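Chemist: Given next are the chains, with one letter for each unit.
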Amino acid sequence: MSTFNGADPKQFITDFFTSFTDELLRSDEDAALVVDRYHTPDIVQVADGRRMDRDKLIAHTRPVRKNRPTGRMEVHEAVAHGDQIAARYTMYVQNRKKDLAIEVYFFGKFTSDGRLNQAHMLTRTDSKADPAKQQLVEGQGVSA
Amino acid sequence: MTEGTYSVSGMACGHCADSVTEEIERVTGVTAVSVDVEAGTVTVTSEAELDIADIHAAVEEAGYELAGEPR
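Which chain is which? The protein sequence lines are A and B, in order. Using this note's numbering, the first residue of the first sequence is number 1, and each one after it goes up by one. Using this note's numbering, the first residue of the second sequence is number 1, and each one after it goes up by one.
I should point out that these hints are in silico values taken from the structure, not numbers from a laboratory. Warning: the hint list may mix true and false statements.
Residues on chain A that point at chain B, a partial pick, calculated with CB under 8 Å [unchecked claim]:
#1 Ala47
#2 Asp48
#3 Arg50
#4 Met52
#5 Lys56
#6 Ala59
#7 Arg62
#8 Asn67
Since the model is a prediction, treat every value here as computed from it, not as a measurement. By construction, the Cβ of each residue, glycine as well, lies at the ideal position given by its N, Cα and C atoms.
Produce the complete structure using the sequences and hints provided.
Modeler: Below, the structure is given as structure tokens:
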């Protein structure tokens with residue numbers, strides 16, 4: 001039986017990260033409460049070999065709240081099996097006046113109520129600009 | 001040449017390291033900055049003794065928090 005009850009894994013992963021970030025940024029609610037709504041207390045997240053537990057995740061919400069990054073997430077492909085999702089997505093982020101395109105290879109395990117329990121991620125920062133913006137610039141006839 | 005290692009909380013990835021490095025490098029007298037994300041530390045090399053208030057301000061500007069005195 002799947003944790004995701006037939007939900008489209010692409011949509012699930014998009015909603016998970018978008019909603020988590022929105023909840024963090026739209027209020028001053030205790031960050032620990034927001035983190036706990038989206039993660040189990042024993043969450044272990046390893047990104048590029050760096051391990052983050054609940055405490056580190058909560059500490060990381062401070063710069064997110066201060067810098068208030070904006071952007072969007074594009075999930076290229078996602079596959080669900082049981083309580084796990086494998087996905088490849090790109091986050092187009094503007095943070096501290098810099099445009100970043102971060103490609104992420106994600107393997108995550110979720111609980112039946114949709115909280116993240118384990119995640120392994122490899123990331124690759126792409127120097128290319130957001131294709132949506134690029135098209136806009138090209139459409140205006142502006143060259144780099 | 002002086003070197004001090006500071007604890008910084010909230011760093012999780014290479015982008016965190018870049019942001020903290022960028023702000024500390026702006027502090028007058030700083031010649032090198034080295035971040036260890038896993039350990040949550042930043043080692044700052046400078047020409048002379050630095051005012052911790054300047055490092056504190058730079059880390060804050062990047063969005064992070066100084067969690068300990070230099071060692």
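Chemist: Of all the hints given earlier, name the ones this structure violates by number, lowest first.
Modeler: The structure conflicts with no hint, since it agrees with every one listed earlier.
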